[in-house]
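Number of protein chains: 2
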Amino acid sequence: MVINQNVAKLKYSLIRLLNEESRKYENSIDLTIGEPDILTEKGIVEDACNYALTHKLGYPPTGGGPEIRKTIADYYNKKCGCSFVADNVIVNVGASEAISSCFRALLNVDDEVIVFVPFYAGYLPMIEMCYAKPVFVDISKTDFKVTPELLEKYITDKTKIVLFCNPCNPTGNVMDYEEINNIVNYLADKDIFVVADEIYSELSFGEFTSFASFDKIKDKLIIINGFSKSHSMTGWRIGYTILPLEYRKPFLNTTLFTLSSPMAVSIAAAQSALTKYSDRSHVRKIYKERAEFMAEGLSKLGFKVVKPKGAFYIFADYSNISDLNSFDFAMDVLKEVQVALVPGISFGLEKYFRISLVSEIDRLGIALERLKTYVENHKK
Amino acid sequence: MVINQNVAKLKYSLIRLLNEESRKYENSIDLTIGEPDILTEKGIVEDACNYALTHKLGYPPTGGGPEIRKTIADYYNKKCGCSFVADNVIVNVGASEAISSCFRALLNVDDEVIVFVPFYAGYLPMIEMCYAKPVFVDISKTDFKVTPELLEKYITDKTKIVLFCNPCNPTGNVMDYEEINNIVNYLADKDIFVVADEIYSELSFGEFTSFASFDKIKDKLIIINGFSKSHSMTGWRIGYTILPLEYRKPFLNTTLFTLSSPMAVSIAAAQSALTKYSDRSHVRKIYKERAEFMAEGLSKLGFKVVKPKGAFYIFADYSNISDLNSFDFAMDVLKEVQVALVPGISFGLEKYFRISLVSEIDRLGIALERLKTYVENHKK
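Heads up: the sequence lines are chains W and U, in that order.
Everything in the first sequence is counted per the working numbering, starting at 105 for the first residue and increasing by one.
Everything in the second sequence is counted per the working numbering, starting at 105 for the first residue and increasing by one.
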């Protein structure tokens, strides 16, 4: 029977496909999924369990109760010099639900969303399921920088959202103050929402500038963030949206009629994470070391590596090494040297691959050795 | 700025409004929200916590892993004599997400969903957010029974889903074998999905017949269920969809691009609930006693009560008592005697109110006394 037209044409995730292919090799090194290997602090898990054992776990308020929302608002205020209150915050089931519910709340049929290439693979289906259209802006030729001049070429009267992922999955790029300031000045007087996915904000190796620091766009800014990456809390499914008060009601209704409310125990875990484990410098240090190690190693092998400034990915151009398309390249690397990469096409960009830095340096070193073998066998 | 047209017109939940109004009275008895007062078995919480403390809580597979899915399939097979396998099951963030994702996966613009009146209040916004249309079929004049003759009047070539809530929120009605059998025979050869929300199935006071027991519709049947009501696990947000294998991929993609995956700890709790705490007879007994007590008490006061056969609600017609519309009636009762009811209009039906049986009998008795006072002051 006929099902939803947008859902019917969704393709299986290439990241998951490579991940599953890699499991067919006993000895493979899987660098596909963006799932932290660093463990959640045990104290967070213990706090969550203590909460579970001593509370009746009824429906939490839709969008989270005042305590966790105030904690999140205060965290952003301290980090970015902004002035959010608890009602600016909605707690979601992971940043994934925060983004998908944001799109559902804002997008009408045929609305356009500016998406910078390369992009996080999940954005596209989320946009298309809203009957809206991604408008791709390739930033691989501008050193992964966004400028007002570039935006100007793509904005139309259908543009509803300009979507930023900063720090960026898949490139590991981090936007600097000046770049954001220029964009903010350009967008400030436009009837366009700025959606900033800042899920990797705690994993910026240098300074991090949030879109929330710019007052000029506070009437149109939607921030997406969560605990999966900063606190290795993927399995807890807890993220959040920060938004102007005037959009609170529609966003609350959207999450209410999507899934009622987030999990009570996960909210307790998030409360513990932000109040007792807010310093993430040790985590940043680990990912920075890995990123530098891998970037240097890959560069020596002849790959053109996007300089990693945050998150836990390496994005590299292999066109010096191979003429294969990115899917065939990833499959070939897996077959020959049992390293599972994600093809660039997953993120909208050919001739690149992504590596997730979620293994210890020793293991990344073995992956590098294997890639060296591959390069030696194939170098043009 | 302009937001999504369907979201913009969503109204705040009347149930929540009455619930919030009731909190303004120090001494009010709140019978609004369908949130079990009976506690989750402590062993379930302990099992979930043990799991959390001894496992890395990474992303669970989208739709849940094979163990919990097989457990759910086996549970339904045992209960209903069907033959589901693990891949027939998708685990969701509560039955709410199961339903909303089901609608997103199936409905196209302008598709019609047959909704029986009175209905669970959440269905409508979920349907409308998919740009689809609820087609209301009032069953209050047919003793809350659905017949092929009634369906025949409302089915068009736009009908994509016939939606059942059995046992029913808000009426507490339970469909018997013959009623379902007649419907199944009528729908078997039609290109229409049968979505059966069976979230209250463990709370049927007599025999329970699942739509899953009817082989004739197994190519078009989507079952929605979960743990919130049977095991008082609302705060864990864990529900599931059982569906034909051919729709597994689009449904998985839908939940993937809505929220990635359910929560790891909640899956552990659900596994414990179904394997170690599957006998719910003690819970059924409590709700049955309350339902009979309340139904008898309200009848004596002159209300026309829908005979409760399951779930934990009483649905009653107050037209012998008052000419007010149901919202004004509920507000008037709250103001005069401090009992918070839900107006029938929340469920699409005037001149009725719903009571949630989630307080102990003593407290329900006090509510009855207060309603007696109200009736004595107002009886026509």
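Take the hints with a grain of salt, since some may be wrong.
The list treats identical chains as interchangeable, and a pair is accepted whether it falls inside one copy or across any two copies.
List of simulated lysine-lysine pairs, DSSO-like, C-alpha gap at most 30 Å [said to hold, decoys possible]:
#1 K182 - K392
#2 K389 - K160
#3 K392 - K160
#4 K262 - K128
#5 K404 - K439
#6 K484 - K439
#7 K294 - K483
#8 K183 - K262
#9 K249 - K320
#10 K257 - K113
#11 K113 - K320
#12 K146 - K160
#13 K113 - K174
#14 K128 - K245
#15 K113 - K294
#16 K113 - K237
#17 K262 - K411
Please keep in mind that the hints were generated in silico from the structure rather than gathered at the bench.
>> For each hint given before, does the structure comply? Return the numbers of the non-compliant ones in rising order.
In response: 4, 7, 8, 14, 17
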